[in-house]
Amino acid sequence: MDSAVSLRNLVKTFGTHRAVDGVSLEIPRGIIFGLIGPNGAGKTTTIRMILDIIRPDSGEVVVLGTPSGEQVKARVGYLPEERGLYRKTKVLEMLEYQGSLRGASPAVARKEASAWLDRLELADWKARKVEDLSKGMQQKVQFIGAVLGKPELLILDEPFSGLDPVNQNTFKDLMLELNRNGASIIFSTHQMDTAEKLCKEIALINMGKIVLNGSLSQIKSRFGKNSVMVEFDGDGAFLQTLPGVARVDDYGRYREVRLQDGADPQALLRAAVERVTVRRFEIMEPTLHNIFIEKVGGHATHA
Amino acid sequence: MHKLMMVIRREYLERVRKRSFWLGTMLLPLLLLGLVLVQVLLTDVESGKVRTIVLVDATGKLSESFQLKLAEEKTKEGKPAYRVEVVAPEGGVEATRKRLEPRVLSGEVFGILTVGDKLESDANFNFYARSVGNIFAQKALQRALKEAVVGVRLEQSHLNVSSEELNKLLAPVELESFEIKEQGNARKRGFDEAYLGTFAFVMILYMALLLYGVAVMRGILEEKSNRIMEVLLGSLTPDQLMTGKILGIGLVGLTQMAIYAVTVGVLRVYAGLAVPQASWIGALESISASKLAYFFVFFILGYFLYTSLFAAVGAVCNSEQEAQNLQTPLIMCLVIPMVLTFFFVTNPDSPAAVVASMIPLFAPMVMFMRITVLTPPFWQIALSIGLLLVTNYIFFRAVGRVFRIGILMYGKRPTVPEILKWARG
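Residue numbers (our numbering), protein chains in the order written: chain A, 16 to 318; chain B, 824 to 1248.
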């Protein structure tokens, strides 16, 4: 089966800055795929090249089995990170326009948009101007704009940034539903917990390069079960000095300790019990957050 | 194609649905219509009246021939337009006039014409009326008086001319202007009228190119500042977006022009029937079908030229303030031919005019001006249009490249050399 998106050796340079530096990636169909990485890593540039909004300096982009270009755009829904609406336009007209740009006739697009607005509790706002809507409502309208026309592939660039928890939940449920109904979804984020909850596969981009790629479970098992969560009363400074400890992340209420390969968690527990009152001790998979920190480390570029 | 149509549809409907579009569009024709109606009504009322003129003639020699000449002025119904009452200057011309003034103020008498006794002097003839703004009446009086006075002067010169011969000598010389068309049939037309018609057209052309250019630029700036650009680019190519926008707004312009053209047509027919002698009829009549056709040709060519440049300005800027500097040269290119209209219309064949009508940025306005006042050689028109087409093509391609890069750039505005580098691709 062919991929939803297949990138081969993609390079894009802005002036002297190599935004994307030889990215090759296969994104399978039918899954939720996470494109993660720090700000300025090249996520948005990669997405723009997938959608033929900007052209790569070199390399190849194949989307849904065809070389990316104008034709394939009708089959792809896109919610950019920088998103907005015509402020003076009526909500339904705005969506009718967006739907019609995916190839539907204005009447068909209008009907579909209307159904979505009913579903997301915006029925009373159809004839109102966009500028009358609250920010949360505008975000819903933007989301509808991206999913009109039942796209086979949905690309969401930082879909959750700036959303309130209620809308975050709505969007998450919609993404899962669309995915169940057959849409492939690519979304980019720098929020690791969201990616961890939703994605089957991920690619981690840093400084324009793919640092890590594969299914979440594979990646986690590759990093091994050598993380320990310790909750205790007392001074935890000693943890860093114990033999076999690679790094310690202090979360305030608890600490996450990453062990060196071959180190024994039981030895750590014994050492801890001698010094502080341990309330909770758990051997666990490393979080995506920790993998991210470890891979990107201090090298993250900040745009 | 479907997507392009959808962009055109939106850009067109978005603007045409606005109340301000209709207000703006109707204002000019309504103004024109009002102006014509008022004049028609006034002329109707005025031309039916018989006016009484009191002649106070110190020489006592003018009254007969003056009355004779003035009798040639007719009202619409064909009756004499003036009734002349001769009053002897008892106690001097001034005193007589003062005595008569109450009759003028009461409206019974239209005006008092006084003639002193020195027929050779310039300052000898005066006209007193409540309003001296009626040019037609003054011209008629002046003409009649002049012929009468010249007759008397000739008699006094002892040249011994019979009154019959005198009439022949005094037969008026009216200068009528004709315009030579390519078909060879000359048409009567005065310079004022040609100038008036051309100036109105040039103003419309200037306003349209400027307003619609700025509209395209604003539209793009709005899409950038509202962050809607990238949403649209998810479905459209930059070329589709730019082309759709330019064509959509262009159709709005054509709609407006069509409304104007219809108004002018209606006015021509109506005014031609109602008041055939008024001077502004000539201005309307100078708008022939071929001129209208040329107007649309140059409007469309100029429109694409300027809107694509304005689109580039919109694409590389982030706000209207930022765009101010870059759009100034464009506006200057439109203003220069406009302020030089008088020069180009009076010297349509001068080398400066010919050259200006070949420079694409000036050509739409200058070539059109030249066409309205004379018929330039066909090769010049063809060359001008050809150069415009080529330039349009080159600009459209170059601007497309600038647009593609510019619309996704936020932050610092690129410098002119940078923009030119993008344009070369």
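Since the hints were made in silico from the structure, they are not lab data. Take these hints with a grain of salt, some might be off.
The following label-pair restraints were derived from C-beta to C-beta distances [said to hold, decoys possible]: (1) B:Thr1151 / A:Asp188: 36 to 44 Å; (2) B:Ala1081 / A:Gly177: 52 to 60 Å; (3) A:Asp188 / B:Met1155: 55 to 63 Å; (4) B:Thr1151 / A:Ser129: 54 to 62 Å; (5) B:Gly1209 / A:Ser120: 35 to 43 Å.
Calculated pairs, DSSO-like style, for lysine-lysine (alpha carbon to alpha carbon, straight line, at most 30 Å) [to be verified]: (6) A:Lys240 / A:Lys187; (7) B:Lys1244 / A:Lys150; (8) B:Lys1244 / A:Lys103; (9) A:Lys105 / A:Lys141; (10) B:Lys991 / A:Lys224.
Facing chain A, from chain B, some residues (calculated, C-beta under 8 Å) [to be verified]: (11) Glu1053; (12) Val1054; (13) Gly1057; (14) Leu1115; (15) Thr1169; (16) Ser1173; (17) Val1177; (18) Met1181; (19) Ile1204.
It should be emphasised that the depicted structure is a prediction, and the values quoted were computed from it without experimental measurement. Using N, Cα and C, we set each Cβ at its ideal position, and we do this for glycine too.
Hint by hint, here is what the structure shows:
Remark: the range hint 36 to 44 Å for threonine 1151 of chain B to aspartate 188 of chain A is contradicted by a beta-carbon distance near 52 Å. In this structure, alanine 1081 of chain B and glycine 177 of chain A break the distance hint of 52 to 60 Å, their C-beta atoms being roughly 46 Å apart. Taking the beta carbon of each, aspartate 188 of chain A and methionine 1155 of chain B are about 57 Å apart, inside 55 to 63 Å as hinted. At about 46 Å, the beta-carbon gap between threonine 1151 of chain B and serine 129 of chain A misses the expected band of 54 to 62 Å.
For glycine 1209 of chain B and serine 120 of chain A, the hinted distance range of 35 to 43 Å is satisfied, since their beta carbons lie about 40 Å from each other. At most 30 Å may separate the alpha-carbon atoms for a hinted pair to count; lysine 240 of chain A and lysine 187 of chain A meet this at roughly 29 Å. Of the supplied pair hints, the one linking lysine 1244 of chain B and lysine 150 of chain A is violated, its CA atoms being roughly 39 Å apart against a limit of 30 Å. Between lysine 1244 of chain B and lysine 103 of chain A the CA atoms are separated by roughly 35 Å; this puts the pair beyond 30 Å, and the hint is violated.
The suggested pairing of lysine 105 of chain A with lysine 141 of chain A holds, with an alpha-carbon distance near 7 Å, which does not exceed 30 Å. For a cut-off of 30 Å, the pair hint linking lysine 991 of chain B to lysine 224 of chain A is broken: about 103 Å separates their Cα positions. Of the supplied interface hints, the one on glutamate 1053 of chain B holds, with its beta-carbon coming within about 4 Å of a beta-carbon of chain A, less than 8 Å. Checking valine 1054 of chain B against chain A by beta carbon gives a least distance of about 5 Å; that is within 8 Å, so the hint holds.
The closest approach between the C-beta of glycine 1057 of chain B and any C-beta of chain A is roughly 3 Å, which is under the 8 Å cut-off, so the hint is satisfied. Hint status for leucine 1115 of chain B relative to chain A: violated, with the closest Cβ pair at about 34 Å, above 8 Å. Annotation: threonine 1169 of chain B was flagged as interfacial toward chain A, and the flag is violated, the nearest CB pair being 46 Å apart, outside 8 Å. Interface hint status for serine 1173 of chain B: violated, as the beta-carbon distance to the closest one in chain A is roughly 48 Å, over 8 Å.
For valine 1177 of chain B, the suggested interface contact is broken, since its CB lies about 44 Å from the closest CB of chain A, more than 8 Å. Using the Cβ-Cβ criterion of 8 Å, the hint placing methionine 1181 of chain B at the interface with chain A is not satisfied: the shortest such distance is roughly 37 Å. A hinted interface residue such as isoleucine 1204 of chain B counts as satisfied when its beta carbon comes closer than 8 Å to some beta carbon of chain A; here the least separation is about 38 Å, so the hint is violated.
The structure fails to meet hints 1, 2, 4, 7, 8, 10, 14, 15, 16, 17, 18, 19 from the earlier list, while all remaining hints are met.
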